[in-house]
Amino acid sequence: GAVVSQHPSRVICKSGTSVKIECRSLDFQATTMFWYRQFPKQSLMLMATSNEGSKATYEQGVEKDKFLINHASLTLSTLTVTSAHPEDSSFYICSATGLAGGVEFFGPGTRLTVL
Amino acid sequence: DAKTTQPPSMDCAEGRAANLPCNHSTISGNEYVYWYRQIHSQGPQYIIHGLKNNETNEMASLIITEDRKSSTLILPHATLRDTAVYYCIVRVTGANSKLTFGKGITLSVRP
Chain A
1 GAVVSQHPSR VICKSGTSVK IECRSLDFQA TTMFWYRQFP KQSLMLMATS
51 NEGSKATYEQ GVEKDKFLIN HASLTLSTLT VTSAHPEDSS FYICSATGLA
101 GGVEFFGPGT RLTVL
Chain B
1 DAKTTQPPSM DCAEGRAANL PCNHSTISGN EYVYWYRQIH SQGPQYIIHG
51 LKNNETNEMA SLIITEDRKS STLILPHATL RDTAVYYCIV RVTGANSKLT
101 FGKGITLSVR P
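For the protein sequence lines, the chains are A and B, in the order given. Note that my numbering has the first sequence beginning at 1, numbered continuously upward. Note that my numbering has the second sequence beginning at 1, numbered continuously upward.
Simulated from the structure, these hints should not be mistaken for lab results. Just so you know, not all the hints are guaranteed correct.
[What the hints assert, rightly or not] Where chain B lies over chain A, by a calculated footprint (3+ residues, C-beta under 8 Å):
hint	region
1	25-34
2	42-49
3	106-112
These figures come from a predicted structure and were not determined experimentally. Cβ atoms here follow ideal geometry from the backbone N, Cα and C, with glycine treated the same way.
Bound-form chain B, shown alone (with noise of 0.2 Å):
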């Protein structure tokens, strides 16, 4: 079972920001957060990913909570192409380490 529960849908207008939330209130010390969207028909696409510091790349910024349960993925200006569903899933970093999918939220990106 995925260890991350997300709502199962937002939306938010063109060039405004966008933050996803996500829950992972059992999360262990050497798990790190990840953020993967899939457009439709297309294969998921990494965001970006932390352990416990805020990460910002030219994609999005993702914000942990200091006790880690709990991180928002901000996509600071929305596009009608970030119409996708985001996933948030939480991973051990190791040889054959696994991705687990639950499924995700739809972000929707209104004109």
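Isolated chain A (complex conformation) (with noise of 0.2 Å):
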């Protein structure tokens, strides 16, 4: 299948700071990508879907002010998680599927601890 990559893998940071999270589409062109959240023990939320070039859509309860997303090529998005606090500590999950909306790829998450 194809890879899609995250990074970093893992991010401490202080509450109130803003982090940065990466997702690229390494062998293929991504025209969709998604970015999830997921709890312990729960299962996968969709945050929000992102076109190359055009603004993000997102789901309902998801505030677009503080996770703000990128998707300004074909191959990156970028997840900001502005103003972090401790309960949005949580499993960021990125995916991407290249054109006709095919198989959807994930990455391999990023883990975010808001002290």
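With the hints as a guide, bring both chains together as one complex.
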């Protein structure tokens, strides 16, 4: 399958700081990228959908001003958690699909811990 | 809400076939059945998908009933590394089409 990477894999930050997570499709052009969040012992929850060059579409209840998504190229999307607080601590996972919305491939995830 | 139902857990012996069931009685004609798995603290891994015909790849086989209301994922020779949460998801194919994850089924492969 296609390869999607995330960086960093793990980040610890202080409350009030901002954290940027990168998601890259390594061997295909990702027209659409998705960002998910997963709390312990729960399933993945979709946060937002982004298309290259367009504004992201956020799911209900997800604050777009807090979770900034940029999809500037066909291989890179970034999620910035602004003014992070302990309740933002979670496992953040991105995924990507190529043309025609085929199979969605996932990155390895980023563990965010806000102190 | 997820459009599929799966048992919460099952186990099987290493080396034996693991048959994971999934019900999707409200599936639409243009929705595919996708299977992913998630090993602890990792991102989900794509396994297989199908519309109505049975599918097989190097990882698994997918058997879809004729009425498409249920399916079974078959891991022919389960190994300890197959222990994971397996998600059955129905989804249309198309730009911006979303995956909705339910609770999945936890498969435990025992030695």
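The hints, checked one at a time:
no., hint, in the structure
1, 25-34, "holds (count 3)"
2, 42-49, "holds (count 5)"
3, 106-112, "holds (count 5)"
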